[in-house]
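If you're matching them up, the sequences are chains A and B in order. Residue 57 in this note's numbering sits at position 57 of the first sequence; the count goes up by one each step and never skips. For this note's numbering, add 187 to where a residue sits in the second sequence, where the first one is 1.
Hints were generated in silico from the structure; no laboratory data involved. Quick caveat: nothing in here was measured; it's all calculated off a predicted structure. One or more of the hints may lead you astray.
[Stated by the list, open to error] Chain A residues, not near chain B, derived (Cβ > 10 Å throughout):
no. : residue
1   : 62
2   : 77
3   : 99
4   : 126
[As the list claims (entries may be wrong)] Facing chain B, a subset of chain A residues (Cβ under 8 Å, in silico):
no. : residue
5   : 91
6   : 92
7   : 105
8   : 106
9   : 153
10  : 154
11  : 158
12  : 161
13  : 165
14  : 166
15  : 172
16  : 173
Beta carbons: idealized from backbone N, C-alpha and C, even for Gly.
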Amino acid sequence: MDLLPSIDPAAGHGLAAALAALLLLGAWAKLRDLALFRAAVENYGLLPERGAAAVAVVLPCAEAACGVLLLPLATRGAGALAAAALVGAVTLAVLAALVRGRGGVDCGCGGGTGSMPDVPLGAGLVARNGVLIVLALAAALPPAPRALHAVDALSIAGTVLFVLGAWTLVNTLLAHEPRLRDGRRPG
Amino acid sequence: MNEALIVSNALLWLTVLVLLVALIALARQVGILHERIAPMGALMMDSGPKVGEAAPELALPLLGGGTLALGGAKPRATLVFFVAPTCPVCKKLLPIVASMRAAERAWLDVVLASDGEPAEHEAWRRRARLEDWPYVLSAELGMRFRVSKLPYAVLIDEIGRVRAKGLVNSREQLESLFAARELGVASVQEYLEPIVRPELAKERA
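Pulled out of the complex, with its shape left as it was, chain B reads as follows:
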């Protein structure tokens, strides 16, 4: 009898833990699914400009007045860095973006982009000492690029094409955006493809 209870106890613990793991997996999947479908509701037809395609030409309202023209042919490339005052990773990356902005100033403009209440962003910009950065507030910009997670960056070249884009959590990921440009290819993936999977690259050509 005692032995049977011990066995049943062990089996029950096993069942509880297996069910818990299944529940965690389901909770994660809910999040992933939500991420995939959430922007679609707002913008059913647009899947965001792909790397190599032209960036949308937009006139964006600047924080503190004025507008900024994005996209189209320009003398310099533009890095759009999507941030929010509520995102600590953005704050952590800002000094890195600032040093890149200084190092690449010969060819690159950096634009901060966000959306929401201007007063909140104004206060954050003062606290983070970003007064001399162009800072646009536009929900449309985020939707056009389907930004679902922050911090997100988009590199637009001189002729207005998207050169690289993606979620950036570290200096390495930010630098990879520039690597594509320096190699003279649309993306690092495109550069690696003939090396990693030559038959696939030949098919595409």
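The following block holds chain A by itself, in its conformation from the complex:
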């Protein structure tokens, strides 16, 4: 008898695939411009220069590894738990940086050049990561024994596209938030 509740297989597959896509895209964005990500990690003000350089390489690799582990059914549970732990650790770093008064610094989550501004450190980022951890834990649940139908493919594809879209939307809104706050004038 399993103590863990199970998740509907369509929801589980959809969530796992969506999280894998988010992690792999995030890792790619960071690895594409390592110098920029290293500067972002240094800006957190938590690590000495050499430590920041090491973290800047290790973190996106771990992110990519979690993304890859999420894809096959056999390693999905481990990948999802690792992803939740990774996001949890990064969020603790964000909280530590916030406590040290470094709010508003770019988070280095990817972006920051071109038209898409980067998400700044703040409460919104912590909330976003909290939701991500909950989704990762949900994806770690064992899928319920149910036969999949053709229409489930639609649900899975829809879930993946929806999560990616919602992710872009939340990041865009979070990136604009400080400008709206700066623009607010008294009176």
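Model the placement of chain B on the given structure of chain A, informed by the hints.
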């Protein structure tokens, strides 16, 4: 019945995703609109000096004391590089700016510009080892040039005219600021115009 539910499910997914795309587009437009109108509130009449126009003559407070006179005729050209401690792209570009500063030292001064709390900038300057760079803290300078995104650079020539300016995210964009000067034109666009659109250039002349 079952088939009808499947069709309605597919249609609903389609609707949700189309609405999501529309929402993303709206969120981006909010950001773009904000960028366009934000500096106007502070400085309604000034749209910033254009390339080829004279740069404003300002006496700017230097971090660590003293002032720096910007604009007007000078023996050397000046590159004003707008940075902030919160901007990783600035940090990434600083070594590139440093190598340019060394290579072009015969004719170019580089000035770092920012605004905010001096203590924060002082700490950042020490961490980034920029003690020997002139570093000005002035909200007015940023507003005069309508700097809304960082890192931003303005190249001012020896007679105090703005030679090139813009958002710089890479070495190539920084180098393009110098390309305009080397070609002896106000901007790279002006140089390209007779080649790309000869009739437009003739009209202007």
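| query | Holds or violated: is the Cβ of residue 158(A) closer than 8 Å to a Cβ in chain B? | reply | Because about 4 Å separates residue 158(A) from the closest Cβ in chain B, which is inside the 8 Å limit, the hint holds.
| query | Under the criterion of a CB-CB separation shorter than 8 Å, is residue 106(A) in contact with chain B as hinted? | reply | 5 Å, holds
| message | Beyond 10 Å on every Cβ pair: is that true for residue 77(A) relative to chain B? | response | Consistent with the label, residue 77(A) stays out of reach of chain B, its closest Cβ about 27 Å off (over 10 Å).
| said: Restraint: residue 154(A) near chain B, CB-CB cut 8 Å. Satisfied or not? | reply: Where the cut-off is 8 Å and the nearest Cβ of chain B is about 6 Å from residue 154(A), the hint holds.
| Restraint satisfaction for residue 91(A) [CB to CB of chain B, less than 8 Å] | 19 Å, violated
| task | Please verify that hint: residue 172(A), Cβ, nearest Cβ of chain B, below 8 Å or not. | result | At about 4 Å, which falls below the 8 Å cut-off, the nearest Cβ of chain B leaves the hint on residue 172(A) intact, so it holds.
| Status of the hint placing residue 173(A) at chain B (closest C-beta pair under 8 Å) | This hint holds: residue 173(A) lies near chain B, its Cβ roughly 5 Å from the closest one there, short of 8 Å.
| said: Next item in the hint list is residue 166(A). Is there a CB on chain B closer than 8 Å to its CB? | reply: 7 Å, holds
| request: Answer holds if the nearest beta-carbon of chain B is closer than 8 Å to that of residue 105(A); otherwise answer violated. | output: 4 Å, holds
| Does residue 161(A) meet its interface restraint, that is, does its C-beta lie within less than 8 Å of any C-beta in chain B? | It holds, given that the least Cβ distance between residue 161(A) and chain B is near 6 Å, below 8 Å.
| task | Could you check if residue 92(A) really has its C-beta closer than 8 Å to a C-beta on chain B? | result | Since chain B brings no Cβ nearer than about 20 Å to residue 92(A), farther than 8 Å, the hint is violated.
| Once the closest CB in chain B is found, is it more than 10 Å from residue 62(A)? | Consistent with the label, residue 62(A) stays out of reach of chain B, its closest Cβ about 20 Å off (over 10 Å).
Hint compliance for this structure: hints 5, 6, 9 are broken, all remaining hints hold.
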